[in-house]
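Trainee: Single-letter residue listing:
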Amino acid sequence: MLLIHCPWCGPRDEIEFAYGGEAHRVRPADPSALSDAEWADFLFLRANPKGVHRERWVHAHGCRRWFNVERHTVTHEILRVYPPGAAAEPDAAVAEAQPPQASQQGVRS
Amino acid sequence: MSNSHRTASGGRIDRTRSVTFTFNGKSYQGCAGDTLASALLANGVHLVARSFKYHRPRGILSAGSEEPSALIQLERGGHTEPNLRATQIELYEGLSAASQNAWPNVNFDVGAVNGLLSKIFVAGFYYKTFMHPQSLWMKLYEPLIRHAAGLGKAPKEPDPDRYDKMHVHCDVLVVGAGPAGLTAALAAARTGARVILADEQNELGGSLLTSGETVDGLPAASWIAKIEAELAACPEIRVLRRTTAAGYYDHNHLTLTERRTDHLPRGAAPHLSRQRLWNVRAKRVVLATGGHERPLVFADNDRPGIMLAGAVRTYVNRYGVTPGKRAVLLTNNDSAYAAALDMQAAGIAIAAIVDVRTAVNGPLAAKARAAGITVLENRAVVATEGGKRLTSVDVMPLAADGGGVVGMARTSIACDLLAMSGGWNPAVHLYSQSTGKLRYDEAAACFVPHKATQALHCAGTCNGRFALPDCLAEGVAAGTEAAREAGFTADAPLPVPRAEADAEEPLRPLWVVPSTQLVGRGSGKHFVDFQNDVTAADVLLASREGYQSVEHLKRYTTMGMGTDQGKTSNVNALAILAQSLSAPIPQVGTTTFRPPYTPVVFGALAGRDVGELADPARVTPMHRWHVENGAVFEDVGQWKRPWYFPRAGESMHDAVNRECRAVRNGVGVLDASTLGKIDIQGPDAAILLNRMYTNAWSKLDVGRCRYGVMCKEEGMVIDDGVTTRLGPNHFLMTTTTSNAAKVLDWLEEYLQTEWPDLRVHLTSVTEHWSTASIAGPKARDVVAALAPDLDLSADAFPFMAMKEAVVAGVPARIFRISFTGELSYEINVPAYHGLRLWTEIMKAGAPHGVTPYGTETMHVLRAEKGYIIVGQETDGTVTPQDLGMDWIVSKQKADFVGKRSFTRQDTSRADRKQLVGLLTQDPTMVLPEGAQITAQAGGTVPIPMLGYVTSSYWSETMGRSIALALIAGGSRMIGQTVHAPLADKNVACAVVKPVFYDPEGVRLHG
Amino acid sequence: MSNYSIVSLIRNAFSHHEHWGRAWRDPAPKPAYDVVIIGGGGHGLATAYYLAKEHGITNVAVLEKGWLGGGNTGRNTTILRSNYLWDESAALYEKSLQLYEGLSQDLNYNTMVSQRGVLNLAHNLHDVRESVRRVNALRLNGIDSEWLTREQVKEFCPAINIAPDVRYPIMGGTLQRRGGTARHDAVAWGFARAASARGVDIIQNCEVTGLRRVGGKVVGVETSRGYIQAGKVGVVAAGHSSVVAGMADLRLPLESHPLQALVSEPIKPVLDCVVMSNAVHVYVSQSDKGELVIGAGIDSYNSYAQRGSFHVIEHQIGPLLELFPIFSRLRLLRHWAGIVDTCPDASPIISKTPVENLFINCGWGTGGFKATPGSGWVFAHTIARNEPHVLNAPFSLDRFTSGYLIDEHGAAAVAH
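Protein chains in written order, with this note's numbering: chain A, 1 to 109; chain B, 110 to 1115; chain C, 1116 to 1531.
Simulated from the structure, these hints should not be mistaken for laboratory data.
Any given hint could be a false lead.
Claimed, not checked - The calculated DSSO-like cross-link candidates involving lysine-lysine, where the alpha carbons are at most 30 Å apart (straight line), are:
{"#": "1", "chain 1": "B", "residue 1": "Lys228", "chain 2": "C", "residue 2": "Lys1404"}
{"#": "2", "chain 1": "C", "residue 1": "Lys1383", "chain 2": "B", "residue 2": "Lys497"}
{"#": "3", "chain 1": "C", "residue 1": "Lys1269", "chain 2": "B", "residue 2": "Lys1094"}
{"#": "4", "chain 1": "B", "residue 1": "Lys228", "chain 2": "C", "residue 2": "Lys1383"}
{"#": "5", "chain 1": "B", "residue 1": "Lys248", "chain 2": "C", "residue 2": "Lys1269"}
{"#": "6", "chain 1": "C", "residue 1": "Lys1210", "chain 2": "B", "residue 2": "Lys1094"}
{"#": "7", "chain 1": "B", "residue 1": "Lys974", "chain 2": "B", "residue 2": "Lys1102"}
{"#": "8", "chain 1": "B", "residue 1": "Lys1102", "chain 2": "B", "residue 2": "Lys821"}
{"#": "9", "chain 1": "B", "residue 1": "Lys162", "chain 2": "B", "residue 2": "Lys228"}
{"#": "10", "chain 1": "B", "residue 1": "Lys262", "chain 2": "C", "residue 2": "Lys1269"}
{"#": "11", "chain 1": "B", "residue 1": "Lys135", "chain 2": "C", "residue 2": "Lys1383"}
Said to hold, decoys possible - Computed footprint of chain A on chain C, listed as stretches where at least three residues anywhere in the stretch have a Cβ under 8 Å from a Cβ of chain A:
{"#": "12", "region": "1351–1358"}
{"#": "13", "region": "1364–1377"}
{"#": "14", "region": "1413–1424"}
To be verified - Which chain C residues stay away from chain B? Per the calculated CB distances, all over 10 Å, these:
{"#": "15", "residue": "Asn1174"}
{"#": "16", "residue": "Lys1269"}
{"#": "17", "residue": "Arg1313"}
{"#": "18", "residue": "Val1329"}
{"#": "19", "residue": "Ser1339"}
{"#": "20", "residue": "Arg1340"}
{"#": "21", "residue": "Lys1467"}
{"#": "22", "residue": "Glu1502"}
Computed from a predicted model, the values in this text were never measured in an experiment.
Even for Gly, the Cβ is constructed at its ideal location relative to N, Cα and C.
Only chain A is shown next, with the shape it has when bound in the complex (with noise of 0.2 Å):
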């Protein structure tokens, strides 16, 4: 069970939360004005790598606030937590970013 820090909340199990998938998808202003496949890509297509993913999650049984993660995938470690609407950091940022302090995580670096 994953320790998720809910900025507002600060740590909680995983069972308080629900997940939201790929972060930083923005609805189209103007769905008519996108072919069918534009619109697929919209509905379906979702990141799904194998590393550091960019995600949302909501503290549905908390503040019921939803926020983003930046979590890997194979490790689970989680690297960043920040309100909706802050950017991403750029993805050469994130290759290189360090874990957590240990102490914050529970997870050793």
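Once you have looked at the hints, place chains B and C on chain A.
Mentor: Chains B and C alone, transformed into the frame defined by chain A:
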């Protein structure tokens, strides 16, 4: 109390407290403090089990949780449990145990005939046969295999015990209370950190309970007691005995299983839960899990009386039991010498120590020799004798490389006990579960922790440190460091306790003891996995056939797949595999260590989530009335809803017909409290509704209601309901009962993640309001009686309007909306007035014959009107257009969730399944819901299907059956005949529009 | 390849089983193949086998980065059934079930196909309605399926608790008698052995690191054991499909999640069929070895780690004990996870791709084992003929653009 094999004194047992137990129906005596295994050995009982495949006689190999052989069925009736390890069962008065997997009994087991066929029953033999004739597989071969497989038996009765769970955080969790764990826990606890110390045994001390070594000048037992006392004095310590750390998961989440009553007579502690599952989140973990001794692999190494040397030492020192009168030891390392000395001191004659090493000259060997023990160097046991108990062993000299024996001459040594030691494996199971990496230690010939990936420390034997002084020192260091990392330091650090250990000479790995015949050729079997009867020959066969990945080896031979998960066999097996491949052992690697460390009772995993608490049952404030008035309930999600209200002697059909008649002709009342209700407030509330519903909301007047349908982005209907404008910036949305939570989540997600600029707040108020829906031509009369001040005229209070009023003395919201097609008022009052509202309605409605009705009648009435139910007329693949609801899909709005998908190729097809009505040619025939619809009657399969019946009822109102269906191109098939081919007959139906009653809607506007 | 039979077993017993050959050859990779299959699980091996058997294409390599069958083939709960709702799915899975029915004999390897029946329970009126709908659709599709009353459920599966006073009482169930289980490892090994005998090269410990393209066509694969030229490439990489497809800049509508399962300690026979319940979320059977094999739910988050969160296991057991109170004192022996590639409509993709000579077979989500032979059979056809078989034509990549989804979420509400 007298036992044939009990020492006169010593050990941790209480000789003054005799315990009576039965094994295989025979009564025995043991002592308080015994395990079942030690008590059996004290009575001279070695034959306790039969092996899985060949049904060979088996005894007790070990003294702990690694035991592969001595599995027994404990107790009978509801308390019975299969496959328990006799080595872990604490003896209690009246204990009853029996051997398993033997018929008629463990002494004479017919299944032993399998041994005669063992030349054919090699690893994976079943993959090569039982294929012809094909029909016999299910009739004969597989039933035989299934009958033969399995160990003990499942109970036939429900579990009389209860279980619970704890969820805790701590700074430092220490697993294992041996010398390393005790010092780690004390070092950490002295800092003030919150420490949990867990050990699977009934008392603390770990290996010290076996070795009895001296620490800080104190005998082991005294030192343990001193540490226990010091721990107890620490402020934030929790010591859990009889508690196994079962699993190590992500982010330092561990599970512990605590056995709270298993050591007591059954039923002795009804106030306690039997077991408790602990979910622990630890800032730091110290793994001090000790190690497991390895057996040696030689011909017929499985006879009762052949045991691990360390286990024999445990039985002697801890339990005061002498498992034999005359023993031989077979070893490849020094630890067996300490065992031999203790065994001799307890009165066991030591016939010889057979050591596979070429020359042994360390201090331990010197002590043994000084004690008069014969040490046979560079020799090995190559065969054993004895049917149900060991009688002798054959010893031969080894060739220089250990790959063979010298000559043909064997020396037979009579003995009833063979204590063997093939070296030790650190118990790295939890460490590996944590995803820590292992390294192969050539000198100790074992895998040791290498690179941790989680916040943990390994200490002592678990870390590959076998000597007591090292264990104590590592424990102190690990505990201190773990606490420091968690933010705690001690004013006075714990000094490392003093202890001494003899220097040990190097071990000599000898993975298979050679003999005069090649492995697999003679009659002897070299067991690697005692539980699953996997031999060295099986490992070689698998390797020969290409099953050379260690995972293939495991799966092909079943090595390590028993209830012990190969604690005593895995390293031997993979070493033999490596040898066969001429590959280094680390290249072969280990199989994955899968949790749990030892099996966990399902009951403990379920905890209290069984029976009544399996899932919460939600009931409305009117529930009590429904129960008292004979309602039959339907599960709708977690809700209990009245399905119908039968009167005495009425069938369901009768009751529903009566309820339908009441609503159509008089007045009925439905408990609609379960419908989801979401309070929506904010200046942009209407904008949110515009985006989420398919229709338009901006112009809805305050006090007016509107029906809406919601789609997913893919264009499929997910929910519907009526939303009312309570104020300029205030709406109340209703959802279906099942989807209330989902719709709220759905709205929140869009609001927070897509349109955070919208100024809207959402609040679930489902349980804040109780709702009674009064429907029927006389509904107005009933409401008038309840709310005399309210103008109920159609002009003042029209259809799809909402009024606030005092109803039955309670402030209420009244919605004039209808799901029945009749004049209808839905009265909402604060939830705690719900029951009062209901009883007042019954009172006020009595003169009009007000009739409570349930969900079935609601379904019939709405179907007569062609109103859909989400989840019944829809299944996630249905658009509003498919439902004939184009009218609710705004053409004006530029966008709403789902709109873009309507124009896709498939979503815009004209021949999609569309909602229609069906009338059977025989009006008395009610189609089954779920019947499929075809164009033609009959035909041969596969028969193309047009669609299926979504709803079907006897309509009392229409005096005939009615049905709704989704049919391909249905909207253009009105008037045509289609067919419902049922299993026993074909039913012809006319396709009609999906509104059967009052299509003009005169009644609900009345 | 020596024939497997009781006769050969006895004959080999006399030579101490020292003369058995390898079940499948262990060749070094050749520089070029007509077809390279990426992924040595059941689906990939079946594809290679049927390429050789049905289409005469034997210059084929199966590349496996680890050990054969080490992915989901060796991690699933081994359930076989074809009782799918939609016509397209029913036809595909039925083809597979039919292939399973003769598989041991076809492969000369006992895959222990055990048609002991799959029971799907109904616990509420909605379940009943959907069950009847499915039974009728299956019957018209020519697939065996029947509705059992509550009492018939008890008769068929005596261990089950049909008491009316439990939280979600059993109201009945559907039964597919031809459904059941098979020995998962044996399916992989049997296909490997039979494919190898027909000339297919099976290459383990060979990780694909790149897909080489020339002018929009795939021409070969880079591997940890060097470059291998390929006429066509079939990707059958399950949870890693996105990663491999990404090597050709192909994005797939997939997400990879852990799916967990568990077994109990082995016990004497107590459960003689497969029991599934969507509403209570249980699926359980008893293996020939005696273990209860229990499927848990899918973990919510994307992951390539073959492990999930423990609460998923914990929450699986309450429902199990609701159906089978007598299992309470049995014990969890092992639990584990695989990585499943899930599609938005819970149906697979067996398709050509926009990249010429690159074919994809993925998205089996939680239920791919039952499809193993059928999946290989239609994928072999698709690769060999450069066009889908009628059975897999609906399972194309285009469907996500056209909207022609095959939404089996109802079918797969329980992972299986």
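Trainee: All hints, please: hold or fail.
Mentor: Do the hints match the structure? See the list:
no.	hint	verdict
1	B:Lys228 x C:Lys1404	holds (20 Å)
2	C:Lys1383 x B:Lys497	holds (24 Å)
3	C:Lys1269 x B:Lys1094	holds (27 Å)
4	B:Lys228 x C:Lys1383	holds (25 Å)
5	B:Lys248 x C:Lys1269	holds (22 Å)
6	C:Lys1210 x B:Lys1094	holds (28 Å)
7	B:Lys974 x B:Lys1102	holds (10 Å)
8	B:Lys1102 x B:Lys821	holds (27 Å)
9	B:Lys162 x B:Lys228	holds (12 Å)
10	B:Lys262 x C:Lys1269	holds (20 Å)
11	B:Lys135 x C:Lys1383	holds (24 Å)
12	1351–1358	holds (count 3)
13	1364–1377	holds (count 6)
14	1413–1424	holds (count 7)
15	Asn1174	holds (22 Å)
16	Lys1269	holds (15 Å)
17	Arg1313	holds (17 Å)
18	Val1329	holds (33 Å)
19	Ser1339	holds (16 Å)
20	Arg1340	holds (16 Å)
21	Lys1467	holds (18 Å)
22	Glu1502	holds (20 Å)
When each numbered hint is compared with the structure, no violation occurs for any of them.
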